[in-house]
Amino acid sequence: MNCETYENQLGDYVDGARASGLPGDARLAAFERHLAGCARCQALVADFTSIRGAAARLEEHVPPPRLWTRVAASIGEPQQRPWWRRPLAGAFPSWAPVAVAVSLALLIAGATWLAWTQEPAAAPHEAVGAPAEPDTAPAEEHYEAAIAGLEQLAAWQDASLDADTRAVLKQNLAVLDRAISESRAALADEPADALAQESLLDALDTKVTLLQDTVALAADADAGSDDAAGAAKELNQ
Amino acid sequence: MRTADLELAARCRAGDADAFEELYRQHARRLFGLVVRMLGSGEDAEDLLQEVFLQAHRKLAGFRGESTLGTWLYRLTMNHCLDHLRGRHAKMSRATDSLDDEGTAEPMAPAPAVPPAISRMDLEKAIDALPPGARAAFLLHDVEGFEHQEVAEILGVSEGTSKSQVHKARLKLRAMLRR
Chain A
1 MNCETYENQL
11 GDYVDGARAS
21 GLPGDARLAA
31 FERHLAGCAR
41 CQALVADFTS
51 IRGAAARLEE
61 HVPPPRLWTR
71 VAASIGEPQQ
81 RPWWRRPLAG
91 AFPSWAPVAV
101 AVSLALLIAG
111 ATWLAWTQEP
121 AAAPHEAVGA
131 PAEPDTAPAE
141 EHYEAAIAGL
151 EQLAAWQDAS
161 LDADTRAVLK
171 QNLAVLDRAI
181 SESRAALADE
191 PADALAQESL
201 LDALDTKVTL
211 LQDTVALAAD
221 ADAGSDDAAG
231 AAKELNQ
Chain B
1 MRTADLELAA
11 RCRAGDADAF
21 EELYRQHARR
31 LFGLVVRMLG
41 SGEDAEDLLQ
51 EVFLQAHRKL
61 AGFRGESTLG
71 TWLYRLTMNH
81 CLDHLRGRHA
91 KMSRATDSLD
101 DEGTAEPMAP
111 APAVPPAISR
121 MDLEKAIDAL
131 PPGARAAFLL
141 HDVEGFEHQE
151 VAEILGVSEG
161 TSKSQVHKAR
171 LKLRAMLRR
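Protein chains in written order, with our numbering: chain A, 1 to 237; chain B, 1 to 179.
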């Protein structure tokens, strides 16, 4: 028989199969006899074994942390808004805290954009060989400042939200905080990892949006209760 | 394993967000590596895997536990990858067959053996040059470590076809790595 007839047995042999003498192994046993005298098949077995070994040792590709954020968001697609914002659906009034939240977001967007666009210009002044600071650092600082401001506003108005909405918001913030932590961990290992940098900024940006909506929703709830109080007052007069 | 899969699928169907995240965390890592190598691009892999998990979320209602959740997800992923590659192929108007069928004949002249220590870069590049069908079978069998029976189940082919595709892939890789 020629070598081609043993294609499957050659593969099985490379994968570790050996004839055991049982009747079902007759073809494998025949291949082993053929192999003993065939230089071509011996070379194939040696090369395939090297390839199989190298393939099994290939490095892992790690998905960027932002992928989960994207998947979680896409699950809520029919709602047209990201799933973490689903309970917040509705028109938001232009009320004072909303204006503050929007202003903070605009400030942060502007500052982030400036920091991001000015960063490369500063690079040539850095000493060669000095440890590079992650590119995200300036933008991250601005996001953190905005988040701190928005968190304070949200905390002041927390009581205006019902328990269910608070629970959903808390859960969604936890998802984002986890994405932020994972991105930071990835950047700690590899500061120049562009995917991790982008993931981190995506997650921070989403958190700003969520907090902004929280403030707006609380303001909406407050305005609703003020209206109700006003209506009750009118009825009592 | 099947019971755990069925329970996890039931929790996902019931809208338990933690359950779906658990499913994602269990499988995303291995699937991402596979998709990066199938498509040759991390960016495309992200987009495709996002679509796969969205489809999985929608299709979990139809999961009956006949295969493991892992196999089910791999099948969904490979179908997406092969569709994506077929689309890319069509766009590029390349003259190809359905999956593969380029010749696998070995060079007539004696060639040097594959180096015992194959460089990772060389192997990655060679895998990227494989035709989609052979690449899929090779990645599942030799990189991911699935048995031929599982590869056949994931790709929806016979076990013999899986063996033949892996053989074809190894022959092509050998030819590329000996150059």
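In short, the hints are calculated from the structure, not lab data.
From the three backbone atoms N, C-alpha and C, an ideal C-beta is built for every residue, glycine too.
A portion of the hints provided could be inaccurate.
As the list claims (entries may be wrong) - Facing chain B, according to a computed beta carbon distance under 7 Å, are these residues of chain A, among others:
| # | residue |
| --- | --- |
| 1 | S50 |
| 2 | H61 |
| 3 | R70 |
| 4 | V71 |
| 5 | S74 |
| 6 | L153 |
| 7 | A155 |
| 8 | R178 |
| 9 | E182 |
| 10 | L201 |
Said to hold, decoys possible - Negatives, chain A to chain B, calculated, CB over 12 Å:
| # | residue |
| --- | --- |
| 11 | A29 |
| 12 | R66 |
| 13 | Q157 |
Outcome of the hint check:
1. Proximity of A/S50 to chain B holds as hinted, the smallest CB-CB distance being about 5 Å (cut-off 7 Å).
2. With a cut of 7 Å, the hint placing A/H61 at the interface with chain B holds, because the nearest CB-to-CB distance is about 4 Å.
3. Satisfaction of the interface hint for A/R70 is found here, the shortest Cβ-Cβ separation to chain B being roughly 5 Å, below the 7 Å cut-off.
4. The criterion of a C-beta within 7 Å of any C-beta in chain B is met by A/V71, whose closest approach is roughly 4 Å, and the hint holds.
5. With its C-beta approaching chain B no nearer than about 5 Å, A/S74 sits inside the 7 Å limit, and its interface hint holds.
6. The criterion of a C-beta within 7 Å of any C-beta in chain B is not met by A/L153, whose closest approach is roughly 26 Å, and the hint is violated.
7. At a threshold of 7 Å, the smallest CB-CB gap from A/A155 to chain B is about 24 Å, leaving the interface hint violated.
8. A distance limit of 7 Å between C-beta atoms decides the matter here; for A/R178 the minimum to chain B is near 9 Å, and the interface restraint is violated.
9. Nearest Cβ of chain B to the Cβ of A/E182: about 11 Å, over the 7 Å cut. The hint is violated.
10. Among the interface hints, the one on A/L201 is violated; its C-beta lies about 15 Å from the nearest C-beta in chain B, farther than the 7 Å criterion.
11. Every CB of chain B lies more than 12 Å from the CB of A/A29, the least distance being 18 Å, so the non-interface label holds.
12. Under the 12 Å C-beta cut-off, the non-interface status given to A/R66 relative to chain B is violated; the minimum distance is some 8 Å.
13. Here A/Q157 stays apart from chain B, with its beta-carbon at least about 25 Å from theirs, past the 12 Å limit.
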